[in-house]
Amino acid sequence: MGHVTALQGYLLLAALLFAIGLAGALTRRNAILVLIGIELMLNAANLNLIAFWRYGPHPEALTGMMFAIFSIAVAAAEAAVGLGLVIHIYRFTQTTDLDQMNRMKG
Amino acid sequence: MQATISFTPQVGASAITQLLWLIPAVPVVASGVIALLKQPKRKTAATLAIGSLGFSLLLALIAFGHVVSGWSHGNAVRETVNFSWIRVGTTNIDLGWVLDPLSAAMLVMVCFVGLLIFIYSTGYMAHDENFTRFFCFLSLFAGAMLGVVIANSLLLLFMCWELVGLTSYLLIGFWYYKPAAAAAAKKAFLTTRVGDIFFLLGMVWLASGTGTLLFYNNGGGSMEAGALASLLGQHAAWGLTAAGAIGLLIFCGAAGKSGQFPLHVWLPDAMEGPTPVSALIHAATMVAAGVYLIARVYPLMAAGSLLGGSTTALTVVTWVGAFTAVFAALIAIAQDDIKRILAYSTISQLGYMMAGLGMGGVAVGMFHLITHAFFKALLFMGAGSVIHGCHEEQNIRKMGGLKSDMPLTFVTYAAGMLALCGVPIFAGFWSKDGILEAGSHWSVSKGPVALLVFGAMLTAFYMTRQVVYVFFGHWRGHKPAHESPAVMTIPLAILAFFAFVLGLFGTPAWPWFQGFVSGREAPLEIRGLFESNVLLVMGESIGFVFVGIVLAWWLYGGKSPKPDTPDVLEKAAPLPWAWLRNRLYIDEIYGVTFIAFYAWWARVADWCDRRVWGGAVSGVAIIFRGWAQLNRLLDANVVDGTFDKGCEELSTGGGLLSRVQSGQVQAYLRWLAFAVVVLAVILIWSSRA
Chain A
5 MGHVTALQGY LLLAALLFAI GLAGALTRRN AILVLIGIEL MLNAANLNLI
55 AFWRYGPHPE ALTGMMFAIF SIAVAAAEAA VGLGLVIHIY RFTQTTDLDQ
105 MNRMKG
Chain B
5 MQATISFTPQ VGASAITQLL WLIPAVPVVA SGVIALLKQP KRKTAATLAI
55 GSLGFSLLLA LIAFGHVVSG WSHGNAVRET VNFSWIRVGT TNIDLGWVLD
105 PLSAAMLVMV CFVGLLIFIY STGYMAHDEN FTRFFCFLSL FAGAMLGVVI
155 ANSLLLLFMC WELVGLTSYL LIGFWYYKPA AAAAAKKAFL TTRVGDIFFL
205 LGMVWLASGT GTLLFYNNGG GSMEAGALAS LLGQHAAWGL TAAGAIGLLI
255 FCGAAGKSGQ FPLHVWLPDA MEGPTPVSAL IHAATMVAAG VYLIARVYPL
305 MAAGSLLGGS TTALTVVTWV GAFTAVFAAL IAIAQDDIKR ILAYSTISQL
355 GYMMAGLGMG GVAVGMFHLI THAFFKALLF MGAGSVIHGC HEEQNIRKMG
405 GLKSDMPLTF VTYAAGMLAL CGVPIFAGFW SKDGILEAGS HWSVSKGPVA
455 LLVFGAMLTA FYMTRQVVYV FFGHWRGHKP AHESPAVMTI PLAILAFFAF
505 VLGLFGTPAW PWFQGFVSGR EAPLEIRGLF ESNVLLVMGE SIGFVFVGIV
555 LAWWLYGGKS PKPDTPDVLE KAAPLPWAWL RNRLYIDEIY GVTFIAFYAW
605 WARVADWCDR RVWGGAVSGV AIIFRGWAQL NRLLDANVVD GTFDKGCEEL
655 STGGGLLSRV QSGQVQAYLR WLAFAVVVLA VILIWSSRA
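In order, the protein sequences belong to chains A and B. Each number in this note's numbering comes from the position in the first sequence (counting from 1) with 4 added on. Each number in this note's numbering comes from the position in the second sequence (counting from 1) with 4 added on.
Treat the hints with care, since some could be wrong.
As the list claims (entries may be wrong) - Chain A regions said to be covered by chain B (calculated; three or more residues, Cβ under 8 Å): (1) 53 to 65; (2) 101 to 107.
To be verified - So the derived list for chain B, only partly shown, Cβ under 10 Å to chain A, looks like this: (3) Gly58; (4) Ser666; (5) Gln668; (6) Val669; (7) Gln670; (8) Arg674; (9) Ala679; (10) Val680; (11) Val682.
Simulated from the structure, these hints should not be mistaken for laboratory data. Remember, predicted model here, so these are calculated numbers, not experimental data. All C-beta atoms, glycine included, are put in the ideal place defined by N, C-alpha and C.
Take the sequences, apply the hints, and build the full model.
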């Protein structure tokens, strides 16, 4: 491969971030850390949105920026809900270990 | 098929004719209202019944006055109101009512006698707990009877006729807890039904022969010349014309209702009902309905008669009537029950009316009907008063000497008895004389008139016997008798007055009624009384009546025998007495013939039901039961087995799938990540290609 363009660099960074987040979400036992991993994956997606906008055909239209802001807002709400659930579950079970939270099995 | 109901009164009928329907309708409505009353509302019930019939009487009198005034101006009134009741395709079924002398006279009689009997009933039934029900039935009966009278259509007449039969059943069986009363009601209903079947056949034949059941319809009715001519043209079996055959069929219905031999058996048993019922239904009105029916269809019966001759139908009517008159009078001689004697006397007098219709025409028969209604109602109510006074005793052998205990009842009863016997001046004399005189002119045979004269003697005999037993001699009962209250004796007095004077409207010197009914002038001619023929017949009948009375007085007068000793005639001739006593064994003959046949037939039907039809039904049931067993086996083994297996498989599959749902969030996440990787690989691969 030759040299790497700016867009490709951002995409690689985003892929790296996503992989780190995924690894965290899959391997950690602690629910909070899983949430953090998920946030990382979300931000990798956001980075992609921004990068594709900045280096896309219409960088002057601010669409990518708007998209990313919406996505961050939704992610914030989702994080709040997730944390709320985690706190509630913790009150019931006195643990945040996900392996022990299997009461929803079929 | 489209049926519509429409009401179009014919123009030209006078106001009273338009309103004629109110005469039967008001009592029927009153009866409906009374039916809704509670048992203790006695006064309301009686007031309603009497008030409604009083209103009908008022209307009837106005109608009568209208007809009389028309007649005195020289035109016979016959006004009809017809309307189409049901229209099916092109066929109309018409109903209607008619105001003519016949219906007007009958209306006044029924309303007047009915009203007196209603008033009398308030006294007679005063202690009965079902007083309101009684008045409900009475009112319904009166309405139905008035409907029969005004009907201008054989169909409407038949409907009211059946209603009359129904109320008669209800009233005879009024004391239904007495087995005898219940049986008598059933017998009356079934016996009259036999006649009604023939009536219905005649009606259907008339409808198909003439296309209409209306009697009079401006020349288009079935009793008018056109229809009669077409009926005369058609021939039925045995040399009868269709007119004659239909007439005879209708006469069968009339014979059932009017208790003519051989359908008379129900009438004596009907005496089980309360006495006012006997007076109203089985003396004055219902049994007269048969005679009235024959008078109504008289044009049909008389159609085709040559001048001065008679038709087959009328000849049959005459012979049946004359035979019944003597037959019933004979039985009446040997009866001891005060009401049964009167019942047989009624049958006998109805025979006179039928014979009068057959030999002398409508006027003669109807005149006897009207006078008889008054004096027979009087006699029955008198008998009721006697029974009431003697503490429900009905055996005349256990009475006696009531002349002094019940003077009012005695005087009125005597008036009725003299009228029935045909003692001169009294109503029955003139009307019976009219029949005998018509008979003496009858060209077919002198047989009926001879029978009727003999019957007159028998009538005088049994009535004298009864009166002597009841009112003369000395008291043979237990508790002393008492006179009845004024509410019962006043109607008696009114009827007695009419039993005395009514005949004066139909004497040979002044045949007012005969003229009125047949629409002729009726001048007052005293010499009419002294024509040789008239005098001969009168002399004959007076002579026979005199012989009857004297004979009975000689045999029974002043003896007062103990109730358990045999009757004078029984000692003289035990065998004929036993025959008469047992009503000539007619009931027994029916018992071993018709009833035995029906019982046998019922047993056959029962056997068929059990064995033949029952067997077939059980066979089918067995087949179906086998089929059901087979089905059950199939169900249990094949269908259920397959189904169970399927369920098991599903359940296992579900169990396997549920393993995937481990509840481990990260396991789900792993699946997601795996899927994303797979998707990414596919995307990359496809973009490469």
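Okay, the hints, checked on the actual structure:
Coverage of the segment 53 to 65 of chain A by chain B is violated in this model, with 0 residues showing a Cβ closer than 8 Å to a Cβ of that chain against a need of three. For the segment 101 to 107 of chain A, the stated coverage by chain B is satisfied: 5 residues place a CB nearer than 8 Å to a CB of that chain, which reaches the threshold of 3. Evaluation of the Gly58(B) hint against chain A yields a violated restraint, the C-beta minimum of about 92 Å exceeding 10 Å. Checking Ser666(B) against chain A: minimum C-beta separation of about 5 Å stays under 10 Å; hint holds.
Because the closest C-beta pair between Gln668(B) and chain A is about 5 Å apart, less than 10 Å, the hint holds. Annotation: interface hint on Val669(B) holds; nearest CB of chain A at approximately 6 Å, less than 10 Å. Residue-level restraint check for Gln670(B) holds (minimum Cβ-Cβ distance to chain A is 6 Å; threshold 10 Å). Against a cut-off of 10 Å between C-beta atoms, the interface hint on Arg674(B) holds, since the closest Cβ of chain A lies about 6 Å away.
Restraint check, Ala679(B) versus chain A: the minimum CB separation of about 12 Å is more than 10 Å; hint violated. For the restraint placing Val680(B) at the interface with chain A, the shortest Cβ-Cβ distance is roughly 8 Å, inside the 10 Å limit, so the hint holds. The beta carbon of Val682(B) comes no nearer than 14 Å to any beta carbon in chain A, farther than 10 Å, and the hint placing it at the interface is violated.
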